[in-house]
Amino acid sequence: MTAAVAFEEVSCAYGPVLAVDRVSLEIREGEFFTLLGPSGSGKTTCLRMIGGFQFPSSGRVRIHGADATRLPPYERDVNTVFQDYALFPHMNVRDNVAYGLMVRGAERAERYRRAEQTLELVHLPGIGARRPAELSGGQRQRVALARALINRPRVLLLDEPLGALDLKLRESMQVELKVLQRQVGITFVFVTHDQQEALSMSDRVCVFDRGRVQQIGTPEEIYDRPATRFVAGFVGAGNLLEGAQARVLTGADAPAMLRAERIRIAARGDLSGEGAQRRSAHGVVKEIEYMGAFIRYIVEVGEGIELLVNHANLGESGAQRNFDRGAEVTLSWADSACHRIAEGDA
Amino acid sequence: MSAALAVAPSAWPLRRLSSFLYGRRGLYLALLLAPPLLWLGVVYCGSLLALLANSFFGMDEFSGMVKREFTLRNFADLAAPANLDVIVRTVTMAAAVTLGCALIGFPIAYFMARYTRGALRAAFYLGVMLPLWSSYLVRVYAWKLLLAKEGVVNWLFAETGMGWLLQAILGLPVVGGPSLSISSLGTFIVFVYIWLPFMILPIQAALERVPQSLIEASADLGARDTATLRKVILPLALPGIVAGSIFTFSLTLGDYIIPGIIGDSSMYIGQVVFLQQGTAGNVPLAAAFTLVPITVMVVYLAVAKRMGAFDAL
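Protein chains in written order, with this note's numbering: chain A, 2 to 347; chain B, 140 to 452.
A portion of the hints provided could be inaccurate.
As the list claims (entries may be wrong) - Here are some chain A residues the structure puts well away from chain B; computed CB gaps all over 12 Å:
1) P17
2) G31
3) A238
Unchecked claim - Residues from chain A shown here face chain B by an in silico Cβ test under 7 Å; the list is partial:
4) Y75
5) D85
6) A87
7) H91
8) V104
Unchecked claim - To spell it out: a stretch of chain B is covered by chain A in this simulated footprint if at least three of its residues, at any positions, have a beta carbon under 8 Å from a beta carbon of chain A; those stretches are:
9) 297-311
10) 346-353
Treat the hints as calculated values from the structure; they're not laboratory data.
C-beta: ideal position from N, C-alpha, C; glycine also.
Extracted from the complex, chain B is given alone in its bound form (with noise of 0.2 Å):
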């Protein structure tokens, strides 16, 4: 009897393998991971690699071909004022943005973890995400017809005779001009609506993992309600919004679509390299430019491990 069950595994090659495996831990799990830690390695980072060293690349300028020899010239372009600016606007955009996300998703993600379950949490979810599965152009384009002179905006500020404060409001230095759908303001309330999803989320997440108890916890200790937001609330919560500010935070600082229709037509770091790789096709500048969006953010996560947002995790 056992014999034979002894036996039987052998007529299976697949069974023998898995038999072989299972005692084989260490193999297995190579044998498992390969397949997508290549994909991590080579595909993924080998090909971000591939960009770091193009960018200390040259440019031959009258063919312009690529020349590989190391220069430091990119960085040094990068310095000249105009790519400058170009870096501080851009990064300034992708601050204010995930700021308005922050603000605009926490109470709607405190109350998605707090308040809501079962029928009216799935409507909320799809409130949330319903956006994100229809087309990213169409919605940055029916942006442009809302923010325009002739659209719903303007219209509802002039009906409710607030005209003057929107007026106002466009004629601001540096945010404002002709209409919404021409000036930064614009393109910030596009980049804000396009990537809230992806602040709400994470922090919504985060919330959900903080037990009631530790709320009526604070209350009991003799807190009141914004003590407890801040000493107990917010530092639980700050995983989920760096996690989201990640998102917010890079995909506006790599995006070179929305400024192109909704805004004063000031570059973003997005267009350049696109300028620079497709027309250009100065590569090793374009790669020197994305560069910057990295820094920028290692040194964003620095600054928030060293101010505690990972404490909790």
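Chain A extracted, bound-state conformation (with noise of 0.2 Å):
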């Protein structure tokens, strides 16, 4: 099959700076991908190019085989919602929707009858006559979304689309996105900087750091297999474990990553539950956050040797216990939750 779009080695300088350093890579036909990466990795320059506002300097860039490299955006079949939603001013929310509709000579009845339709998709029905002032953020965002769809593009571009919401709608908004994105059949192509709203709206995650991409893979193999250093460290709260920590913890040389929640963290000398395939090392409690679903303990176990463990916060009833700061305990894990990076940081 087709790739919905293929980036083959593709850079784009600003300048000096290079924003995007060879990136190739391969979007398919109805899957959500996510571009993750921390603010000038180069996430939202590979966006843009697929969108078609800015050009590379060099590579190709193919949507659903296609060469689109300097193809201007009103030529290509993929649609954008914008960080900042850039819905129209001027225009009321009925003929935002419809703008695509009408640059492409649409009739009015139509058009509004489409646009109505969209927006009934978004679950905003009836508020066509409005102004986009006159909206909430989330009402804004889902505007945006519906003017994106009313073209039915083949691939939809999502530039941190909800970066700008707070917390309990952003986390709603990512449940309705994915149905959205069920519903429609549509490739979406996400931008984000958030670990675990990448983690838990994709198919496959692509990471990025200084215009390259680490890893390309599922959630759960970007979470438990990371290819690189900074993978490991980005995504998810977990020990990157070098040097002599590796040595000591590990008993080899390479780097390893060992996530917080995979620790099990008991008193001194509570051996009980033990196998054979574990590792254990004993240490004292340094320092504790209480994160609520959890309780985040920070153990020295050795000379200069912290980890972090994650510990379930099962509240007085379980028949864990929590621990207080100096505490002596004993950390043990699986040796397959120990997972070799391969290769140095890129």
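Each of the two chains sits in its own frame; use the hints to bring them together as a complex.
Given below as structure tokens:
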């Protein structure tokens, strides 16, 4: 099957700064694909090159097999939900949503009918006569979504669309976007710097750092088997074991990743339930962070070696108990919980 | 300790006053705003109302004194063919100058707002405003030399073999004349030159507030550049264009110097007001004349508002 979007050795420079450095990737038709990375990592530039707002300095961009490297935005079968929503302030919601149909010369009645349909799709029926300024942030976001969907693009680009929303709304929109994507069956290309958002929404994630692709994979692959130190550090909470740490704790020299929630914490000497495949270390609780769903301990297990441990907060009724600062504890983890990072930092 | 702190302010009358006013925002605001509001209300608008009142007074034919009796004669006089001629000419010129300024000013403002930053933008600001800092009269007289029969413009046309074109243009009725400096076309050119900054700056300010993402969104949704210009950029720049046109339109309506120096000696409202008030001493008729630009502007703004020029504000 032809990829919905394909990058072939794409680079993009802003003056002397190389924002995107020889990126190759393939986005499959119909998948929810996320570009994840810190700000300035090149993820947004990649999105803009798919949208046609930015042209690569070298390399080739294909959309559904056809070369789109230097195609203007209005000739691409791709629509965008902008970070600031970019709703036209001088038009009401209906005209905003119908804009894509209007510039393609659709009749007014047809435009308004389809605009109302699309507003229903994003659960905002009957607000067509209002101005964008009269809407809440969440509503504007949906209007922007409706406007981008009305042309029935084959690829929808979303540039950090949830960034401006408050936490609760963001979480409900995450679910809604995912449902919507399945419903309309369009390829979604989503840009975010929020690793939680990337993991929870995507079919596949591409992690960027300093203009380079660090890893492409399913959320499980990215989380459990990070390919580089950067991915290990950026996605999820964990312990990146290097040098002496790695030697002491894993018995090997290679850097390794040990997730904070895969470490079991118990009172010193309490080794109940220990299997043969487990490693353990004694330590002292240095710091405690109460996170609600879990408690994070920073445990010193040796001179200058500290491990993050996420301990599920089961309450006092649970068999496990919580530890105070200075408590002497034993940490243990399965051998398989340690993931070797094959290569050095890219 | 706290007692000492509480006592300290009372030692300073100004501090005590500011503490007193801090809790009384209404009084504070009234005190601060009273002087400028008095200026605006009494000196500014009051004098305008006095002018309006004057336009309803008559003149004593023999003594030349203003008679404080209500009459509509001044307005009847405005409708006299000669005066109507002046009004139509002035309003037409103002409209043409506004259009000319908008056509030249928009691309410059667009370039400034979207493609310049830092030193280049500063250079553009300087270029636009520098003429405003030099004497208006010097610049108008300079244009008289440029546009004269012996001037640079005529010479350029002749040198490039386009002299016939200039002659053809000058041969046109109404706008033409013996030379550019003695034609309505010349008046128009100098008006456009003089008022252009007042058009560029508001348009530039309006365009600067248009986020780049709106233009990208338009292209993204399938609009070519001309459609984006018509449907997104122009509507959003309209408040700026209207603001600029208020300047160019009203400044042209009221100006009496430029048509006196450059042009075919046909009269404009400003000159008539000047003559009626200064030479003839007919203040009531002059006042009636000045009501024309005010009325025209009110009508213009009402139309602009109805067309949605201020919707994006």
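Checklist entry - If you check each hint against the structure, which ones fail? => result 9
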